[in-house]
Amino acid sequence: MIELLLDEGSISRFSEGYFGTVDGRPVCVMYKDGEFSGCKTEILDFALKVGIPIVNIFNCEGFEVSMGTLSDVSNLLSKLGLANGVVPRITVFLNKVHWLLSYQTDFVAMSEDTEYSVVMPDIIKSFTGRDVEISAEFHSKSGNCHIIGESDEIVFSLIRKLLSFLPLNNMEDPPIAETRDDVRRTIDFEIPSDPYQPFDMKSLISQTLDDEDFFEIQDRFAQNVIIGFGRLDGVSVGIVANNPAYRLGCLDVDGIRKVTYFVRFCDAFNIPIVNFVDTPGFLPDFDQEIAGLAKHMSRLIDIYSQATTPVLTVVVRKAYSGFIGMGLTGSDVIFSYPKAEFAVIDADTDSSILNVDREKYVENVRRYAIDTFVNDVIDVKWTRSKLINALRLLEAKRKKLPPKKCDVL
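The working numbering numbers the first residue of the sequence shown as 89 and each following residue consecutively.
Be aware that one or more of the hints could be misleading.
Claimed, not checked - Cβ pair distances, simulated, as ranges:
1) Ile441 to Ser393: 23 to 33 Å
2) Asp464 to Pro114: 20 to 30 Å
3) Met89 to Glu300: 27 to 37 Å
4) Gln394 to Ile441: 46 to 56 Å
5) Asn183 to Ser162: 22 to 32 Å
6) Thr396 to Asp301: 21 to 31 Å
7) Asp301 to Leu481: 34 to 44 Å
8) Leu442 to Ser281: 17 to 27 Å
9) Ile90 to Gln285: 41 to 51 Å
10) Gly380 to Ile90: 26 to 36 Å
What the hints assert, rightly or not - Using 20 Å as the maximum straight-line C-alpha spacing, the simulated PhoX-like pairs for lysine-lysine come out as follows:
11) Lys474 to Lys485
12) Lys485 to Lys469
13) Lys474 to Lys290
14) Lys493 to Lys427
15) Lys229 to Lys167
16) Lys427 to Lys474
17) Lys184 to Lys120
18) Lys137 to Lys290
19) Lys290 to Lys249
20) Lys229 to Lys290
21) Lys427 to Lys469
22) Lys229 to Lys184
23) Lys167 to Lys137
24) Lys184 to Lys213
In case anyone wonders, no lab produced these hints; they're calculated from the structure. All values reported here derive from a predicted model rather than from experimental measurement. By construction, the Cβ of each residue, glycine as well, lies at the ideal position given by its N, Cα and C atoms.
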């Protein structure tokens, strides 16, 4: 398995782990197969000391029931917790795995034949009388799995690509890749005039990025929002977008959780964030209110407002109520397409409440947005060049946050 991840000829043993390179850049690997009966954490200590990513590969169904094992697991989880926000953490689950470690990592990858659960399925069934779904497909839809591949080989090739976007640690910037893609390449994409007509946001994103290469993650979870990595003039960027092809791009609890995690990760590792906004607002559903929609949205606003990495926003079509938390708050530069609509609730409701013509309302609010928080109105075809130029200006961004021990919410 190690050979599928690390460069040929670079693999070296280190205690119970390995270190080597991926495309010439250093990586530490912890690999466990069979039954987990103890674990030394020297490889984690080494990764933290020298500041390089850690990839955990688990091909073991469970762990030996003993106090010594519990102590080892506790120590392992503690070390992984200390690595949070310091070095990128990636975990790979293969075959059948039953334990806690998916929650102590930044990204989880599985092959399609993987079965994963924290508690073993037979124990769950004995307690509840119900069979449980523990397939990789299930976890990709629940949000527990970020990357899924048809085979182990594909999974590791995807991890190699993921690592290419990331810095070695939180003190470094992401690597800059060579590209022959023209900075001034135009985009041939038509935005539907009907504000509620679905369209392919992923195509717009891909056309904007270098070589039209977009590396999406969590693509089967909360599909009303899109997250992933790409490059602009060789610079790694994190992409956050509404997806008008699924629930019209409404923001719900799962979508907000997905974006919050991703923005936090990008900020921790100095990866600029680019938002593509087209949202009619929050999903109007009582179950969403019960699930804590307001609290989750408050958390997202906190994350964006505290971001020290560059944040760029493109208002594609609709910037209704959810725009306050995803796109407006914390953005350094906001671009808008000419026909973008802005509203407090939505254009129809707002104009009805105010008893004014809808088109007149939309135009007046658009003018207000341009006069206040929109930095530039751009043609769709120049999206790529405008974003690249803005990124260059923000290379030296410095943002000083108020002193505090930690977040509360």
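>> For a C-alpha distance cap of 20 Å, please report whether Lys229 and Lys184 respect it.
In response: Satisfied, since the Cα-Cα distance of roughly 18 Å is no more than 20 Å.
>> Hint check: Lys474 vs Lys290, CA-CA at most 20 Å. Holds or violated?
In response: holds, 19 Å
> Is the straight-line distance between the alpha-carbon of Lys229 and that of Lys167 20 Å or less?
Replying inline: Roughly 28 Å between the alpha carbons, so the hint for Lys229 and Lys167 is violated.
>> For a C-alpha distance cap of 20 Å, please report whether Lys427 and Lys474 respect it.
In response: holds, 17 Å
> Is it true that Ile441 and Ser393 lie within 23 to 33 Å of each other by Cβ?
Replying inline: Given about 28 Å between the Cβ atoms, the range holds.
>> Given the hint of 34 to 44 Å, is the C-beta distance from Asp301 to Leu481 inside that range or not?
In response: violated, 24 Å
>> Given the hint of 41 to 51 Å, is the C-beta distance from Ile90 to Gln285 inside that range or not?
In response: Once the Cβ atoms are compared, 49 Å apart, the range 41 to 51 Å for Gln285 and Ile90 holds.
>> Please verify whether Lys184 and Lys213 have alpha carbons no more than 20 Å apart.
In response: Roughly 17 Å separates the two Cα atoms, so the pair holds.
> If you check the beta carbons of Gln394 and Ile441, does the distance land in 46 to 56 Å?
Replying inline: violated, 33 Å
>> Hint check: Lys485 vs Lys469, CA-CA at most 20 Å. Holds or violated?
In response: violated, 27 Å
>> Hinted pair, alpha-carbon criterion (20 Å max): Lys427, Lys469. Please report holds or violated.
In response: Measuring from Cα to Cα gives roughly 14 Å; hence the hint holds.
> Regarding the pair Lys137 and Lys290, is the alpha-carbon distance no greater than 20 Å?
Replying inline: Violated. Lys137 to Lys290 sits at ~39 Å, over the 20 Å cutoff.
The structure is inconsistent with the numbered hints 2, 4, 7, 10, 12, 14, 15, 18, although it conforms to all the rest.
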